[in-house]
Every structure is written in C-alpha cells, then in structure tokens.
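*Asks:* One letter stands for each residue in the lines below.
Protein chains: 2
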Amino acid sequence: MRQTGSCPIHWSPSLATDLYELTMAAGYFANDRRESATFELFVRDLPVQRSWLVAAGLRQAVDYLLALRFSAEDIAHLKTLPPFEHIPARFFDFLASFRFTGELWAVPEGTLVFAGEPLIRITAPIVEAQIVETFLLATINHQTLVATKAARIVGAAAGRGVVEFGSRRGHGPEAGLLAARAAFIGGCIGTSNVEAGRLFGINVYGTAAHSWIMTFESEMEAFRAYHRVFPGSTTLLLDTYDPIEAARLATRIGPSLKGVRLDSGDLAEQAGRVRSILNEAGMTETRIMLSGDLNEYRIADLIESGVPVDLFGVGNELVNSPDAPSLSGVYKLCELESPAGTRPVFKRSAGKQTRPYAKQVWRLRGKQGEFLEDRVTRDDEPAGSPEWEPLLECVIRNGGLTGPMQDLDSAGHRASSQLDSLPERYKRLKGAAAYPVRFSSRLSPNR
Amino acid sequence: MRQTGSCPIHWSPSLATDLYELTMAAGYFANDRRESATFELFVRDLPVQRSWLVAAGLRQAVDYLLALRFSAEDIAHLKTLPPFEHIPARFFDFLASFRFTGELWAVPEGTLVFAGEPLIRITAPIVEAQIVETFLLATINHQTLVATKAARIVGAAAGRGVVEFGSRRGHGPEAGLLAARAAFIGGCIGTSNVEAGRLFGINVYGTAAHSWIMTFESEMEAFRAYHRVFPGSTTLLLDTYDPIEAARLATRIGPSLKGVRLDSGDLAEQAGRVRSILNEAGMTETRIMLSGDLNEYRIADLIESGVPVDLFGVGNELVNSPDAPSLSGVYKLCELESPAGTRPVFKRSAGKQTRPYAKQVWRLRGKQGEFLEDRVTRDDEPAGSPEWEPLLECVIRNGGLTGPMQDLDSAGHRASSQLDSLPERYKRLKGAAAYPVRFSSRLSPNR
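Protein chains in written order, with our numbering: chain V, 251 to 697; chain Z, 251 to 697.
A portion of the hints provided could be inaccurate.
[Stated by the list, open to error] To be clear about the criterion: a stretch of chain Z counts as covered by chain V if any three or more of its residues have a C-beta under 8 angstroms from a C-beta of chain V, and this derived list gives those stretches:
id: 1; stretch: 293–306
id: 2; stretch: 309–318
id: 3; stretch: 325–337
id: 4; stretch: 413–419
id: 5; stretch: 570–576
id: 6; stretch: 606–615
No lab work stands behind these hints: they were computed from the structure. Virtual Cβ for every residue (Gly too), placed ideally from N, Cα, C.
Just chain V, with the same shape it has in the complex:
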C-alpha cells in the first residue's frame, strides 16, 4: 500500500475521476465513435425544504476544462490498470495530446435555478464530454449545495452579517476552502478561513477560543491580554465561565472593544442582557456575534424574538447542510450530432427519465422585475417573446474562454439580487411553493 506523505496531498485532476469515464472513453475511441455529444448537468428533484438552488462552482469547473491534460505519469499509471492492458497505443497517444476542444454553456454563478434546469451544458466529441463528468459533478454539486444553504441562512439573518466558520467540520481542508467560496456566493460576508480569504479575496473574521481564556489566571487578564495585542479588532468570547459576568468584565475594556461573542446556552436571553450591559457602559458600537450550532431555523427564531445581534457565525450547518447533506445533480446525455444528423437521447427508466435535446432556460419577469416563471426549450427554439431572458451563456467555445468570467463579487450580487426578485412564497424556509417551470413540448420523449 502506498502512502503519499505530502501536505496538501498532490493529486492529478485528470485521474481524479471514476474509472468508467476513462474506460468508456477508451471504448468510444476504440469503436471509432467520434460524434459530438451534448450532456447537461441538472438536479432532478430539489432537496427537502428547497424550492430553488443558487448555482455555484462554475469557475472551478471551467479551470478544470481549460487545464485538463494527461501527463506521462498519468498515462503510465493508466497502463498499469487491468482494463487498459489490451488497449491500443493510439488511445494513449490521444490522451497525451488531449485538450478539451468543446463548448460549455452555463448559468453564471449566483443564478437561481430550479428542478430540471441545466446548470451547465457540454457539447464536445463524445470521448471528451464523457471524461469530464465526475469532476464537473463533484464541483457543481458541492458548491451549489453550500451556496444554497448559505443563501437560506443569510435570508433568515434578515440583514445581519453571516460569517462562515465551518472549516473544522468540512470534508477535508479543500472542502473547507471551496465551501467558504460558495458561502460567499450565497451571501455570507466573510469566512474564518485565512487561505479562502487569500485565494478568493473574501474578508476574514476571527475572534478567540475558549482555550485562550482558560490559559490565563483570570478572565479579565485574558481579555486585557488579547485587547493589548489587537486593540482595533478584538472580539471577546464571553461564555467560557459566566457570560453575564464576562460582559461586565468586558465593559472595563471600554468602547474600543470591537465585539463580543456568545457561543452556548440561551443565546437570546444572554444577548439581551449583554446588550444592556454594554449600552449602559456607553459601548453601543460594540457588536454582538452569536454562534454555536446555528442554522436558518434557529436564526429565524432569534430574529423573530427581537434579539440584539449584529453578526452570526455559522459552521457545520453551513458547510455540511445537514438537513440536505448532498445534492444529487446528474450529468446526462441528451443529444448526439454526427454527419448523419442530430439524434435525441433520453432515458425511460422509471423515476430516472430524462428529456432529449440540448436546452436553453428562459426566465420571465413581471413589471417590478419579480420572477414569474421559467421555460425550458430546445436550444434553437424561441422562448415566445423578447421579454424572456435566456440564462445559459456560452462560456467556452472551441476549448477557449469566450470572454472574461464573472468575478466572485458579481456572483454574490447576482444571487442576492435574484433572491430579492423571487416572490416571498417561494422563499419560506419550510413549505415554500414550487416555482413554475414549464418544459417545451419539443422536449417530450414521446413526441
């Protein structure tokens, strides 16, 4: 058994895929299948309590498509695998000069999408289109899951800032970085993860841990020691011993204290008393942050009860979305194009039906800009009238970017502006109405 012994683990994106993508690629190649195939990535059924998703992960998907190469080491490794023993050398030559030469259409990150609507659409020679499946799914499923959960939590926070605190609970270190990115698209104002801040230009937030308090002889000494080092940015953690007593100690720091954090117990009751103590000491600008197993439901309850709070820190619930812990996006073949013409492709299996043909998604807004309904049509089919806005845009053509990609700030603005345009009945945390999406009759398998 090999052990890698590197940190972070050094891995090859071209092999970070399911074996069957590569065997099918070899199979298409060996059978001289050269048609252009169109695959679409969509979510068949939305997770529990969700009636919309915030699309995220496109940037990493694009980076992958543009960078995808098979190194000599990759190919040498593939040749050691039993299924590849008798594969002709010309397939490995093909891999050695592999480039993604196809087309990618996608909704921009931050776009609201609904069940059955393609988030991305790939058209490429079938070998290329098949190989990329696993990586695209892993990337889009994960970030869309987290961006959606973040948007629910940010919505519940009703204007108070939400900071992503989940790195320690994420599925490994890279998952934490990507979750911070997706959470920002979903509306979080920042992350605790310094590297996510550096990579993606997100604001980073930090307070202190209980361990800091406990290493000092007294809580007051711990407070003073921290404030001395960070006079302009100290947020004191109050619940190591008695949070109310700690709030009284915090007033001795004075109005330069940036914030306090409560992390356990009855947050609503504590926050009210802490706010009064701070205000009586003239510390009206000192912010209160609440954390500790928070999610959209608990935050909605806290806001409903009128708790004085300025910021929420959310960890596990944000990065793992425990009430809906995965997104079952699928990547399905819908069309084959060859010199003989266009062939629609679809699945009839019970519960797993798909719709044929490459598609476009259109959105109709009302007079105030509010979302009315979506339509999914064939990509070459008009929506009906010019008010319908097409959502899928061409991002890669002939293997190259069509233009500069949207930056992360714009993705966040897109999500918040689209959520503002979505009527309230679709946004209830529980029992939200299903948004109307109509599918063109030309996409019907029985047509």
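Since chain V is already given, all that's left is putting chain Z on it; use the hints.
*Replies:* For chain Z alone, kept in the frame of chain V given last:
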C-alpha cells in the same frame, strides 16, 4: 475579487486555518506565553445510531504537522490583514522559522474509539499547539466520519464486497479522494476513483454508464462494443431499458462476462431473476453488482431477503453519511506545563464540560479477545493490571516521526479485526448498546 484560475486550486496548508488560530498565536507570542500545552481531539457525543467510530485521517494529520511552514508569501499575506497591522516583526520572524517541535500521540488508524476518548493528543509550545487546531479537526473529523459509515455498510454487506462510488457526490474533488481512502480503512474493497487508487494503492473498479448504452443503436450492440474493448473486465449495466431483457442479451456474451450491474428499480426482484438467467446460460461466475442509493439499512434488507449479490457499489451514502453528515470532534486544551508545574485545564460550560489532564485510553479484552471495556486515565496513571492495552501511541516526538507509520492495508485490517472483537450488541445498525468507557476519578473536574 481575486479568482485563482488553477486546477486543482493551489492552496497553502499553513493559512488553511481559522484566523483566530493565528491571532491567538500572535497573542500568546506577544504575551510571552511559552508554556507547553496539551490539547486532545475527541468526540463528545457519538452521532445518531453510532456506538463506535473508526479512527481515520491520522496520516494526513501527521503529514501536515511535519510539513507545516510559513512561506514568505504566507507571511506577506498575513501582514495585509487588519488584525496583524501592529504585530511586532519578531512574530513574523518566528513564523518564518516555524517548525512543529512538539509531540503527537494518537490511536492508529482503524482503531475503534468511543465517546470522550482522545483520537489524538498534541503536546507542544502553546503557539504551535494552537495553530494546528483547524487543520487537524478538518482532517480527522472527515475521514473518521467516512470510515465509520463505511464500516457500518461493509458490516451490513455480510461478506460481499463494497466499492466506494461517491466521488461525484463528495464535497469537491479532494474530499472524494480522501473519502475513498477512509472508506478503504472502513472495509471497502476498492473505489471508482482512479487517482485515489494511484495515491493510496487501492483497487479501482468501474463498469459503464447508461450513456454508453444509449449512444448505440441497440443495447446488444453497446454490450458487444464494450466487451470487445475490455474482454477480461466488462461489467454490463442492465437497467437502461428492461433489465431482464438486458440479462438475456448479456448471456450472448457468454461466461467470459465478468459482471452485470443493476442500478434502479426493485433490486432484490431483478437480481434473483438475473441470477437465474445467467446460471441457466452457464454463467455462474458472472458477478452481480447492485448500486443506486444504497446504504447500510437497504443493504441489510437485501442480504436478509437472500438476494444473490456479489458486490455493492455505494456512493453518496458512503461519502456524505447523510444520516449523520458530520462529526463534531473537538480539540480541547487539557493541561499546561511550565517551570511552575503542571496545571490542569477544563471547561465547565453547561453541555460543553471537558476533563483536565493529558490522557491515555486503555482497553480490556476477554478470553476470546472480545472487547470488554475501556478506561480513560491520566497519561501517567496505571490502568490497573497488565491486561489493559494502551491505545494512544507516540507518533511524533520533538517534531520528528518516532518510527514508520502503519500502512493503509494494516489500518483496514485493524478496523476489521477490532470490529470482529466487538460483541454484537454494540454493532446493531439501530439501537446498539453503549460500550462501557470509564473515566478515572483523577480526571474529574471537581476533584
């Protein structure tokens, strides 16, 4: 807003941590706190339906501790963050020459652990011990979660092989690789992820997708085309159209067909009929693999009903553990050591109490090797009698490995052998008994 534009994203482990670890480090440094601190990573309460955990992730934790450095770029970035504006230069000099110089004790990967038992214990100068918290938690929480879920699923499969198929549902590409590793420790025989196979020396498995079948004019043509390219390793997917009809077509391939896979519908009913069809054709060696939203409960039902099955493919349920989607391991300070002596440290907060002092975990076995009970003591406290086996071993001393690390095969064998030694009442999938763990009175906060 920055966008990285690299695949995989290139990230710095030293900054992939919560900001407060680095501000507390600066705070300890500036306050001349140089004591040796002991932190322990443990799980306070086991997740729902779990009465044991399979420890995993140690290798990546060790790689991190041994490799941890702060590059000039890391330090330059830190200096741009507002909290670090007024931090004296000597702290950054310290970071520039940072090495983990401390000690790591840990249970080997594959060890069964219970609530409250440390999986790892760090003793190091407090600045070092604090900085590493986030990364260690992210690594151990994730892999232990997946290894535990895998062991439950493998147990339910009652001797049939379980293959990890979850990369497309993991929390990003790295999470998929690490999940494949953890699943192997938990007893899976392999993974679909080629790169996980390469990095960790795990067997890789693959079949084919529905898209393969659908691109051919007929199912039989698709079957033959695949078998022609992979005569020794073809597993045909049967449920694209009618699985029973597909099984009949598969018999035309003959006994060289390695396997068939069923991925939807009534798997028990289909598998029985498919097995009969294959057997009647003399294909008794052709294996049946079942997949499609399987977990330990559904697999137990399938086995209970006597389904003829050789292999299970499990994806989302394995890598995301939806019934218990995160592990709330914590990293808690328990002891400070200075020239003035040893100081116990613990938390009293309601529901978040911790136990003071560096600890050892001991296990007592019965005459047949079966597990009887565990004890947790102070690290310098004898367990009572020589039959008690200590579980925490010293892995790193003075910043260096004490010896070669256990390989991944051994970790898998350890897990399966320990599970064999665990009495059945603790292994029920639902309603398992709580395993007895006693804590020495010397660990009592009130003592």
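*Asks:* Are there at least three residues in the stretch 570–576 of chain Z whose beta carbon sits under 8 angstroms from a beta carbon of chain V?
*Replies:* holds (count 5)
*Asks:* Test coverage of the stretch 413–419 of chain Z by chain V using CB-CB distances below 8 angstroms; three residues minimum.
*Replies:* With 4 residues in contact (Cβ-Cβ under 8 angstroms with chain V), the coverage given for the stretch 413–419 of chain Z holds.
*Asks:* Quick check: the stretch 293–306 of chain Z, covered by chain V? Criterion 3+ residues, Cβ under 8 angstroms.
*Replies:* violated (count 0)
*Asks:* Are there three or more residues in the stretch 309–318 of chain Z whose C-beta lies within less than 8 angstroms of some C-beta in chain V?
*Replies:* Holds: 7 residues of the stretch 309–318 of chain Z have a Cβ under 8 angstroms from chain V.
*Asks:* If you look at each residue in the stretch 325–337 of chain Z, do at least three have a Cβ nearer than 8 angstroms to any Cβ of chain V?
*Replies:* That given contact holds, which follows from 8 residues of the stretch 325–337 of chain Z lying within Cβ reach (below 8 angstroms) of chain V.
*Asks:* Check, residue by residue, whether the stretch 606–615 of chain Z contains three or more positions whose beta-carbon lies closer than 8 angstroms to a beta-carbon of chain V, and give the verdict.
*Replies:* It is violated: at least three residues are needed, and the stretch 606–615 of chain Z offers just 0 whose Cβ sits closer than 8 angstroms to chain V.
Violated hints, in rising order: 1, 6; the structure is consistent with all others.
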